[in-house]
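Residue numbering for the sequence shown follows my numbering, starting at 573 and increasing by one per position.
No false leads were slipped in.
DSSO-like cross-link-like pairs, simulated, lysine-lysine; straight-line CA separation at most 30 Å: (1) Lys631 with Lys686; (2) Lys737 with Lys631; (3) Lys747 with Lys686; (4) Lys719 with Lys745; (5) Lys686 with Lys737; (6) Lys747 with Lys597; (7) Lys747 with Lys732; (8) Lys686 with Lys666; (9) Lys737 with Lys597; (10) Lys631 with Lys719; (11) Lys719 with Lys597; (12) Lys748 with Lys686.
For each label pair, taking beta carbons as the anchor points, the in silico distance ranges come out as: (13) Glu742 with Met663: 35 to 43 Å; (14) Asp576 with Lys686: 31 to 39 Å; (15) Leu744 with Asp576: 31 to 39 Å; (16) Ile764 with Asp581: 33 to 41 Å; (17) Thr589 with Pro715: 26 to 34 Å; (18) Asp690 with Lys748: 17 to 25 Å; (19) Asn687 with Pro607: 14 to 22 Å.
Quick caveat, the hints were computed from the structure, so don't treat them as lab data. No residue lacks a Cβ here, since even glycine has one placed at the ideal position from N, Cα and C.
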Amino acid sequence: MKIDIDMQDIRNHSLITMDRLIVLKNILESVRCLPGNAAELGVYRGGTSKLIALVLYPKIFYAFDSFCGLTNAFSGVDKHENGDFSDVIFMNVKNYLNYLNVRICRGYFPETTKNITDSEFCFAHFDGDTYCSCISFLDFFYPRMVKNGVMVFDDYDWHKCPGVKRAINEFLKNKKEIVYEIASFQAMIVKI
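Whenever a hint applies, use it, and build me the whole structure from the sequences.
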């Protein structure tokens, strides 16, 4: 099914630049044929969530966020502070993501995953900005990714989010997968 996507509308609801959104869209199109659902940790205003949900429709898409801003910034590693991104209004995001395949998981990750522990995923997007969130994301999604499934990480190697790169590098230390830097401050892992 081909769905028209207004990329400027997506950009207006995201902090991610247009070039990275286009890269993300291309990756999503490449995993459409794989089995499994999709997810994002770090929804904020919903721009990338809408992109993922529409490109991968009718796959179920899980949107994870506390909608209270960052809560687990790790002193000495993360540059963001607790409370950053707390300016979002949940009902605006809920209305923006009003699609049949979207499941908004409001609360703290990974506690919000209790009902989907048996799910498999073809795609997972991380935009959680902090070391602890990235480790939790990898711990949950890595074992649930289907073969050739893709995890995309925003803010990889960005000076304001050094914990993201550190978490990924530590997590992959004894794994076969490698990190591909795909755009400025964006990286991906393909599950082997």
